Structure formats: C-alpha cells, structure tokens
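*Asks:* Okay, so the sequence shown: first residue is 1 according to the UniProt record's numbering, each after it adds one.
I should point out that these hints are in silico values taken from the structure, not numbers from a laboratory. Where hints are given, some of them may not hold.
[Said to hold, decoys possible] Below, computed lysine-lysine pairings styled on DSSO-like, alpha-carbon distance capped at 30 Å:
(1) Lys72 <-> Lys137
(2) Lys319 <-> Lys137
(3) Lys88 <-> Lys137
(4) Lys51 <-> Lys120
(5) Lys51 <-> Lys319
(6) Lys137 <-> Lys120
(7) Lys264 <-> Lys250
(8) Lys72 <-> Lys319
(9) Lys88 <-> Lys246
(10) Lys88 <-> Lys264
(11) Lys88 <-> Lys120
(12) Lys88 <-> Lys250
(13) Lys246 <-> Lys264
(14) Lys137 <-> Lys51
(15) Lys256 <-> Lys246
(16) Lys256 <-> Lys88
[Unchecked claim] Computed beta-carbon distance windows for the label pairs:
(17) Glu259 <-> Glu305: 56 to 64 Å
(18) Ala212 <-> Gly242: 27 to 35 Å
(19) Glu263 <-> Glu7: 17 to 25 Å
(20) Glu14 <-> Pro151: 28 to 36 Å
(21) Arg13 <-> Lys264: 28 to 36 Å
Given the structure is predicted, the values throughout are model-derived calculations rather than measurements. The beta-carbon is built from N, C-alpha and C at its ideal position, and this holds for glycine as well.
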Amino acid sequence: MGVALREILGEYREEVELEELRGTIAVDAFNALYQFLTIIRQPDGTPLMDKDGRVTSHLSGIFFRNLNFLEKGIRPAYIFDGAPPDLKTETVARRRGVREAAGERWKEAVERGDIEEAYKQARASTRIDDAMIASSKRLLDLMGIPWMVAPSEGEAQAAFMARQGDVGAAASQDYDALLFGAPRLVRNLTVSGKRKVRGRSVTVRPERIDLAAVLAGLGLSREELVEIGILIGTDFNPGIRGVGAKTALKIVRGGKFQETVQEKAPDFDPGPVQEFFLNPPVTGDYRLEWREPDRDGIVAMLCGEYTFSEGRIDAGLQKIGAKAGQRTLGDWF
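Please model the entire structure based on the sequences and the hints provided.
*Replies:* Shown next, in the form of structure tokens:
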C-alpha cells in the first residue's frame, strides 16, 4: 500500500495526458502487475483465464497497455522487486493473510450470487505467483521492452535510475518513490482511462509529482519527508497510532519527530527505516535497450499458448509497426 502522503500532496499532484509523459519511465513492475490483475476481471471478480484455467489478466495488461505507451512515445522499463528487506517481513505476512481472507469471502459471495461483493473481494484477494512473473518477463522480452530485477525494492531502484538521469521518471501507485528520492513520480500510468469506481464510471488520468516542488512547497528536506512517512506508517514500520499526514507534517515542522517517537513508541528505533529509505540497496549494473517487437513470438505465446484472439493481437501490433512496410518501433521516438 505504501505511505499515505496523499493528504498533504494535493496541490503538487498534476494531472497530465499520456502524450505529456513521452520519454523513458522506470515502472515498478509488481505494482503494475497488481493493477492489471485487480482491474482486468469478469463482473463477478473472476480474472481472465485461458482454456487451461491459467490467469491471463496480467498478460493482457502488459500487452495492450504497453502498446498504448509505445504509441504515445513512452518507453517503459520494468523493475521487478528483488529480495524483500527484513524490515518488510511483518507487512508481507499481514498482506498474505488479508488476501487469503478476501479469497474465502469471494468464494462465499459467488456461491450466494452477490456479484458486487464478489467483485470487491476478488480484487482484494489479488496475488502474484512465480508463473505470472515468469510469463510477464517473457512477454516483455518479446515486446522488446527492457526489465531488470532490483537488489531489493523495485521503487528504490526506479528512483535511483531517475536520479541518475537514465529515465525521466519513476512510475508507481505508491508515494514511496518520493521517499526513495525519485525526482519525478508518475501515478496512474497503468490504470488511466475509463474505470468503474464504486459503481460509477470515472476517468482516471496520470498524475505527475515533482519532488523538488513538494519539498520546497512544504518547507521540508527529503530526510524530513521520510520522517513524516515513518510517523504515518510505511511498508517497513506500523507508524504512530492516530497520526495522519497533516499531523505528521506539523510534528516534523516543529522539530518533534524524535520526541514523538520516544513518547508514543519507545520500543521503536526509526534509524533502520530512515537508512533504508535514504540509502536503499540499488545497482548501477543495468542496460536500458528497447528493441523491435517479435511479432511471431508474441503471437505464438499469446495466441498459441494462452488462446488470445490473433485478430486483436495483430491489430495491436500494427499500431507500432510490427509488420513489414509499416513504421518501425524506432520511428515512434
């Protein structure tokens, strides 16, 4: 879920069109896959599946969403999480429990015919397994889109790549990338468009957030922004009960971070969490290279193995010139 900074970032969240994001973007892969698996479902919450019962929602999202990016001049690079830090152990276990409980409630809702509740619980039960990760990487390879596995958190690696100037922004639904130091964060990249929210249709647009503008506007350093995150709660600590973003901002501005932690959570040492956000495990050993899509390989995988419609796949590929005589991928950039 990330850190709940939304309450103090309102004026710094700039809605933009996809075309305005033209350029290179490092995408938090797991975050994107969860979005695809959550959104691309049947009315009762059942994910898209092939004839053998294998989930294909993530493949549909990767293929069609990235075609849209490429057509709009966006070059994505996907960053997969590596080994989670020990600080995240409790969060991982808690999320697993939440998903399992939601899965049981989904089955119960389906049995009693409560489609709305079934859809809600199915979304909450979304999980990613090794087969999904492997098939996602394989499809990205066939599409000519680079990916890498981070030493630890994908958002931290994406933020590092953005600081290095190798990509124009980091993309994630979570605000953690700002704490990791991403100069620019793009939200809603993988979910923009028409969406059903609480039973009504809404248009979700990408948001761009500039870290320098946030820090200047709030009168904070990045270290102090991390302190706010710790007070609210992150993936690596539970936060201080009753402290939201506005209260945390007031505490940090008043120079009372340490005092508050010592008073409200005397057994908690914020040092390791601060260190992880400010100096996370990252690597400069990567190469970003976009290649021509392998049309035959994509069709063989999606249509031959996963029973996608060849007509739809071929029509999508034609948009980026994956057939002879049409524009090549390089012509889009």
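*Asks:* Tell me the numbers of any earlier hints that the structure contravenes, in ascending order.
*Replies:* Per hint list: zero violations.
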